[in-house]
Amino acid sequence: MAGDESELLASLRAGDEAAFTRLVSDWSRPMLTVARGFVSTEASAEEVVQETWLAVIKGLDRFEGRSLLRTWVFRILVNTAKTRGVKEHKTLPWSTVAGEDSGPSLDPALFQAEGEPHPGGWRAAPAAWPDELAVEGSVLAGEVRGELQSAIDTLPDRQRIVLTLRDVLGHTAEEVCEMLEISQGNQRVLLHRARTAVRAGLAAYLEGS
Amino acid sequence: MAALTCQEMVELVTDYLEGRLGWRDRRRVRKHLSVCDPCTRYIAQMRETLELLGTVPVETLSPEARSTLLDAFRDLRR
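Keeping their order, the protein sequence lines are chains A and B. For what it's worth, my numbering labels the leading residue of the first sequence as 1, then goes sequentially. For what it's worth, my numbering labels the leading residue of the second sequence as 1001, then goes sequentially.
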């Protein structure tokens, strides 16, 4: 176990309120993101996260440190969320067969087919995006944020969870694999498909189609 | 080794940006990008998308929920 983790664990066991407050504020966003994939509503996800924290508080003394604290907390979270999801008759995100994870991630119609001059080459180059997009605080950047939000919301559960954890919340690949107990390869496939879809959604919006 | 097509390039973008390509594939990607403006633009747009994603707000627990949890922590860890 990492040094700062054993320190954190000792602080929590000693009843250090500042350490607990910091942990709740650092981890609740990713926890809500993950929980939301298993249950039907935001409110339900919030309850799952609260229930998880209560279980963590009660279980701190039993936690043996064989896994990372984060892995342990997220395992409790996922189990709690699954139980809740089953009650709500929601299809569990990690039980689906990986049909959505194979095949080309970007519409093949964008590329030339066999028999055309350049098979696999762009049919038309991606259209340029306005420079204003990169300007922080610009009207366009604001509009685009709403567009991104809906592009994220329409992703399949697992892709949405991985993309939100990685690209919106800024967690590392290692952290995400720990939280979700998935392999690096699986993490990258989900991330790749999600990023490709979100960029395409943004492109469609900017090109006004 | 065969040159990459644009369609193959697009599927390697994440591994490329994540630094997960082996040196051979990395070289193929760089070679392709050095002669392909559309793919260079595609990858720039992907980077821009990632920048923008980092500005999307994410819900967290309400202040009420957090203070309830702190109370529970206080009670149980005393």
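The set of hints was computed from the structure by calculation and includes no laboratory data. In this text, all values refer to a predicted model and were calculated from it rather than measured experimentally. Heads up, some of the hints might be wrong.
[To be verified] The calculated label-pair distances, taken between Cβ atoms and stated as ranges, are:
1) B:T1055 <-> A:A128: 42 to 50 Å
2) A:A125 <-> B:E1018: 23 to 31 Å
3) A:R66 <-> B:P1038: 49 to 57 Å
4) B:E1018 <-> A:G15: 36 to 44 Å
5) A:E64 <-> B:R1074: 30 to 38 Å
6) B:D1071 <-> A:L140: 40 to 48 Å
Glycine is no exception: its CB is placed at the ideal position from the N, C-alpha and C atoms.
**Prompt:** Does the structure break any of the earlier hints, and which numbers would those be?
**Reply:** Going through the list in order, the structure violates hints 1, 5 and respects the others.
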